[in-house]
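A.B. asks: What follows is the residue order along each chain.
There are 2 protein chains.
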Amino acid sequence: MQRIAICAPSRSITEEDAARVTALACEFPGVELYFHPQCFLEEGHFAGPDAARIAALVECANDPLFDAVWFARGGYGAARVAEDAIAAMAREADRKTFLGYSDGGMVLGGLYAQKLGRQVHAPMPVDIRREGGEAAVRRTLGWLAGERGGLEPTLDHHPTAAFNLYTLAMLCGTRLMPGLAGHVVLVEEISEYLYSVDRLFFHATAHLGGIAGLRLGRVGNVPENDAPFGHEVEDIARHWCARHSIPYLGRCGIGHDIDNTIVPFGVAGEAAGQ
Amino acid sequence: MQRIAICAPSRSITEEDAARVTALACEFPGVELYFHPQCFLEEGHFAGPDAARIAALVECANDPLFDAVWFARGGYGAARVAEDAIAAMAREADRKTFLGYSDGGMVLGGLYAQKLGRQVHAPMPVDIRREGGEAAVRRTLGWLAGERGGLEPTLDHHPTAAFNLYTLAMLCGTRLMPGLAGHVVLVEEISEYLYSVDRLFFHATAHLGGIAGLRLGRVGNVPENDAPFGHEVEDIARHWCARHSIPYLGRCGIGHDIDNTIVPFGVAGEAAGQ
Numbered sequence: 001m002q003r004i005a006i007c008a009p010s011r012s013i014t015e016e017d018a019a020r021v022t023a024l025a026c027e028f029p030g031v032e033l034y035f036h037p038q039c040f041l042e043e044g045h046f047a048g049p050d051a052a053r054i055a056a057l058v059e060c061a062n063d064p065l066f067d068a069v070w071f072a073r074g075g076y077g078a079a080r081v082a083e084d085a086i087a088a089m090a091r092e093a094d095r096k097t098f099l100g101y102s103d104g105g106m107v108l109g110g111l112y113a114q115k116l117g118r119q120v121h122a123p124m125p126v127d128i129r130r131e132g133g134e135a136a137v138r139r140t141l142g143w144l145a146g147e148r149g150g151l152e153p154t155l156d157h158h159p160t161a162a163f164n165l166y167t168l169a170m171l172c173g174t175r176l177m178p179g180l181a182g183h184v185v186l187v188e189e190i191s192e193y194l195y196s197v198d199r200l201f202f203h204a205t206a207h208l209g210g211i212a213g214l215r216l217g218r219v220g221n222v223p224e225n226d227a228p229f230g231h232e233v234e235d236i237a238r239h240w241c242a243r244h245s246i247p248y249l250g251r252c253g254i255g256h257d258i259d260n261t262i263v264p265f266g267v268a269g270e271a272a273g274q
Numbered sequence: 275m276q277r278i279a280i281c282a283p284s285r286s287i288t289e290e291d292a293a294r295v296t297a298l299a300c301e302f303p304g305v306e307l308y309f310h311p312q313c314f315l316e317e318g319h320f321a322g323p324d325a326a327r328i329a330a331l332v333e334c335a336n337d338p339l340f341d342a343v344w345f346a347r348g349g350y351g352a353a354r355v356a357e358d359a360i361a362a363m364a365r366e367a368d369r370k371t372f373l374g375y376s377d378g379g380m381v382l383g384g385l386y387a388q389k390l391g392r393q394v395h396a397p398m399p400v401d402i403r404r405e406g407g408e409a410a411v412r413r414t415l416g417w418l419a420g421e422r423g424g425l426e427p428t429l430d431h432h433p434t435a436a437f438n439l440y441t442l443a444m445l446c447g448t449r450l451m452p453g454l455a456g457h458v459v460l461v462e463e464i465s466e467y468l469y470s471v472d473r474l475f476f477h478a479t480a481h482l483g484g485i486a487g488l489r490l491g492r493v494g495n496v497p498e499n500d501a502p503f504g505h506e507v508e509d510i511a512r513h514w515c516a517r518h519s520i521p522y523l524g525r526c527g528i529g530h531d532i533d534n535t536i537v538p539f540g541v542a543g544e545a546a547g548q
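Taken in order, these protein sequences are the chains called A and B.
Position one of the first sequence corresponds to residue 1 (the working numbering), numbered consecutively onward.
Position one of the second sequence corresponds to residue 275 (the working numbering), numbered consecutively onward.
Just so you know, the hints here were simulated from the structure itself, not pulled from any lab data.
Do not take every clue at face value.
If you want the footprint, here are the derived chain A segments under chain B, 3+ residues with CB under 8 Å [stated by the list, open to error]: (1) 20-32; (2) 128-137.
Residues of chain B clear of chain A, computed beta-carbon distances all greater than 12 Å [to be verified]: (3) A293; (4) R294; (5) T296; (6) P303; (7) G304; (8) D324; (9) N336; (10) L339; (11) M451; (12) L468; (13) P502.
Every residue, glycine too, gets a C-beta built ideally from N, C-alpha and C.
Take the sequences, apply the hints, and build the full model.
C.D. replies: Given below as structure tokens:
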């Protein structure tokens, strides 16, 4: 039995979201979900004050009852709690798998930097809100139950990490940034103007010298600007990779959508315990 | 006579903008403006292709006829040209003053990093489009004519630099980032959600260890989010400054508006040639 603790380092979900995900989890008898009550707290933008989000994350990570910690939702907030929460994690956390994406990458990045536990870019409970979102949530539940069908198909023998581009850009140079030399780095983006994507690539690639290569996931819901940007998104990736001698390796399957693939950090076989 | 070359490393302005600024400049007989034709180019988002923006900036910087180079407008684009343009600048550029703000901070930062010329955060020709924008444009023209009334009032004996927060966050850790140890750093922001301001502070302050202090300019036109953020903008600045032992020094007068003050980089007296 895999026991999964769910907490919300960024924004909150509702009891209804949790009920729908719990219902789906019945399809996976090897998986048992525990929604920490902090998931439902609301204070301003966040799922409760910083202290409550830190406490819940540390509690889930340090409780020997659980095998994995799954982030309920992204949306910004983990940057305010990740460093303190990771500092308060006990040896027990090292046995665990941490799963999430988007803003959750702040915690995944910080844990990977500390080589604490295993980190997996994966759909989150909040994805149940998307049309057809059950498929995304099932992908993570299946992964937790031992299925490997939802794995990002481009994974190879290289260590890999996957991030939302904006989240990665914000991690660069901070105490939460893992060393990514030799890694294939996958990035995706949502709801950003193309000029903003270009600006984030300018920044992130300047910090990614020495990676094995970059793959571009989906860049969704790009708002229309007063003038079309003039470069396609893949041209943007190629431009900035070339600038920093980073091999551009093509597309991959991550994104803020129901097809978002699963990417264990590090070498996939190892992270899967295979 | 101060001869000022105007070019557009980011977005374009119109001939009408230029005519209105030229008309204002008649009030300052010691100042003569030359609008480089590249200011009016349009290609997608930008004032012409990267190559044209680089060429115009280098031409203005290297031409011994000019005393200053004034950026016409911000809006993103300088990140794609600053490094190559600065690399192509000749000794002549070192005699010049470069003026602008917002995305222009990419060039100002890169020049300051190279100790090439003098850099001044100052209103730009495009500010003529704002209601009451003449006051902003006159402030820079007055500065160029030798007036000192538009200077940021909080300037003291510390070396100082002023940036748009997002621009500074993107500069951090890149080849364009100047060393700011011992500096008072002024930041302002426009049209960003407070969660985004918080995220940019998370990132930028992680790169600003060792500065003498931070001052917060205006944070204007904050969009309403689905939930109020829960922290006021000055609390955000205090929070992240405290995190990195940066003295928070209070407010200052820079911003994306007609009251935007003039901030010579370095020690104000020196930069003003006094």
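A.B. asks: What hint numbers does the structure not satisfy?
C.D. replies: The structure breaks hints 1, 2, 8, 11, 12, 13; every other hint is satisfied.
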